[in-house]
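Enquirer: Take a look at the letters that make up each chain.
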Amino acid sequence: MAGVAIEGLSVTYDGVDRSVDALTSLDLTIADGEPVAIIGPSGCGKSTLLLAIAGLVAPAAGRVSVGGRSVEGPRLHTALILQDFGLLPWKTVAHNAALGLEIRRVPAPERERRVAEALERVGLAEFAHAYPAELSGGMRQRLALARALALEADLLLMDEPLSALDALTREDLQGLLLSVWRQRAHTSLLVTHSIEEAVFLGRRVVVLTPRPGRVAAVVENPRQGDEGFRDTPAFYERCAELRALLAAEGAFDDRALTEAE
Amino acid sequence: MGGLTRRVLGYASASLLLLVGWHLVAVLIDSPALPGPVPALAAFGRLFAATLLPEVLVSGWRVAISMAIGTALAVPLGLVIGRSPRLDAVCGPLIFLTYPVPKIVFLPVLLVLLGIGSLSKITLITLIVFFQILVTARDAARGIPAASVLSVRSLGADRWQVFRHVVVPAALPDVFTALRISTGTAIAVLFFTESIAGTDGIGYYIIDAWSRLAYTDMFAGIVAMALLGVVLYEALEVAEARICRWARVGR
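Respectively, the protein sequence lines represent chains A and B. Residue numbering for the first sequence follows this note's numbering, beginning at 1 and increasing consecutively. Residue numbering for the second sequence follows this note's numbering, beginning at 262 and increasing consecutively.
Calculated directly from the structure, the hints in this document are not laboratory data. Misleading hints may appear alongside valid ones.
As the list claims (entries may be wrong) - A short list of chain A residues far from chain B (calculated; beta carbon distances all over 10 angstroms):
#: 1; residue: L56
#: 2; residue: A164
#: 3; residue: L165
#: 4; residue: W181
#: 5; residue: C239
#: 6; residue: G250
What the hints assert, rightly or not - Below, in silico cross-link-like pairs of lysine to any residue (SDA-like), each with a Cα-Cα straight-line distance of 25 angstroms or less:
#: 7; chain 1: A; residue 1: K91; chain 2: B; residue 2: T438
#: 8; chain 1: A; residue 1: K91; chain 2: B; residue 2: V341
#: 9; chain 1: A; residue 1: K91; chain 2: B; residue 2: L411
#: 10; chain 1: A; residue 1: K91; chain 2: B; residue 2: K364
#: 11; chain 1: A; residue 1: K91; chain 2: B; residue 2: L497
#: 12; chain 1: A; residue 1: K91; chain 2: B; residue 2: L285
#: 13; chain 1: A; residue 1: K91; chain 2: B; residue 2: W507
#: 14; chain 1: B; residue 1: K364; chain 2: B; residue 2: F452
#: 15; chain 1: A; residue 1: K91; chain 2: B; residue 2: G404
#: 16; chain 1: A; residue 1: K91; chain 2: B; residue 2: R506
#: 17; chain 1: A; residue 1: K91; chain 2: B; residue 2: R420
#: 18; chain 1: A; residue 1: K91; chain 2: B; residue 2: F452
#: 19; chain 1: A; residue 1: K91; chain 2: B; residue 2: P430
#: 20; chain 1: A; residue 1: K91; chain 2: B; residue 2: C505
#: 21; chain 1: A; residue 1: K91; chain 2: B; residue 2: E498
The beta carbon of each residue, even a glycine, is placed where N, CA and C say it ideally should be.
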């Protein structure tokens, strides 16, 4: 069980000469197995929110719990995929995918089995001995996903995981993320800059306000995950609705939002 | 093995170029103090097994052990300082203050305290290598991308695991570069210490031949010392290629 409950969360960073409020009294509940997308203007604290859920940033106020338990530090079955993939260039593909298991002291035979399965699932089995520098951007992103799969994560936190990819690779990987979610039904929290991506991958789309971030609106998107959803009028309507909400939050004022695809 | 062949060929043609240059300079200057490569290499061949090799081994051991100790002390310390802002606040100024001080001026002190044998020489070279590696390791540890550390921490890594999986491997290429640069310094300091005091080592041999006016012997010693540098440099190159293979892919 990996539902997420966030109550009155505030996070403050120590700036150079003053502290910066990244999030203020943010409330959000995500059901177990629910895919949620988060979108908002640049610098609205989206990444901070993920780090707080991952247990890497301590709240200044409020609380975060996953699966009913308060988050005090990194959790065993939470996987975090960062913007630049968080891969270690000095480790091979297989070693990168196995890293979480190694750190959690999973015995070697089981580690190898789970890594082989995960690499197979994302289509990287034949690159197990390559280094990240030898992979394309899309393949690196697949590797980051394989690491999360090897962990058998029930909560997947993704910080703009596809923003560095070209449009075609991006769409391909969005499809992969969707099919992996369909198969495993993990709780998924995706931070993105792309309206289309949010609508394609989020059963609910959460819009944050400019910094300090709070929830401005939540868009229900019940047809997300339907076959061929991307090509339906409903998809475009949802995108338009979201674009209007973001405009109201001032997201387009400084061209903060990139329109992918 | 195409890489190896190319390497050997590179070394061969570079050596040839140097020998031709040396020969031309020797002919131009025409002084007994600068014999050409032919007599010098003949002397090198004649003296190598019985005279030069034992001296080179003594010197090589001194440099190698000094670099090993200096690295073993400086790398962990530099990485820890670089990763800990609190420790860096204390040690940073200390390093900045002591690094530019030429350590070689302490040789007379070391000679008095530790004698004219190997100990004073090893101590001085270790001290110099230590500072070069310390500064590099500290800077390398500070420059590690936050995302690498964050992603490993999100997997539940403790401090030690962050060091093992991120900090050490990320800093290694920089440490190797610093080591290769410090080979040159280390051998220069070695020559200095051996020529100032003591009765063995290739540096002593060169100065001894000089005082005997045996210039071809002296050049045989210089060639031996140069080879010592090449061997050390190449050993580091091979070690780096094995340990940091990842840094060479995708280039």
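Enquirer: Are the hints correct? Go through all of them and say.
Expert: Cross-check of the supplied hints:
no., hint, in the structure
1, L56, "violated (6 angstroms)"
2, A164, "holds (12 angstroms)"
3, L165, "holds (17 angstroms)"
4, W181, "holds (20 angstroms)"
5, C239, "holds (30 angstroms)"
6, G250, "holds (28 angstroms)"
7, A/K91 to B/T438, "holds (20 angstroms)"
8, A/K91 to B/V341, "holds (22 angstroms)"
9, A/K91 to B/L411, "holds (16 angstroms)"
10, A/K91 to B/K364, "violated (38 angstroms)"
11, A/K91 to B/L497, "holds (21 angstroms)"
12, A/K91 to B/L285, "violated (50 angstroms)"
13, A/K91 to B/W507, "holds (7 angstroms)"
14, B/K364 to B/F452, "holds (15 angstroms)"
15, A/K91 to B/G404, "holds (19 angstroms)"
16, A/K91 to B/R506, "holds (10 angstroms)"
17, A/K91 to B/R420, "holds (19 angstroms)"
18, A/K91 to B/F452, "violated (40 angstroms)"
19, A/K91 to B/P430, "holds (9 angstroms)"
20, A/K91 to B/C505, "holds (10 angstroms)"
21, A/K91 to B/E498, "holds (20 angstroms)"
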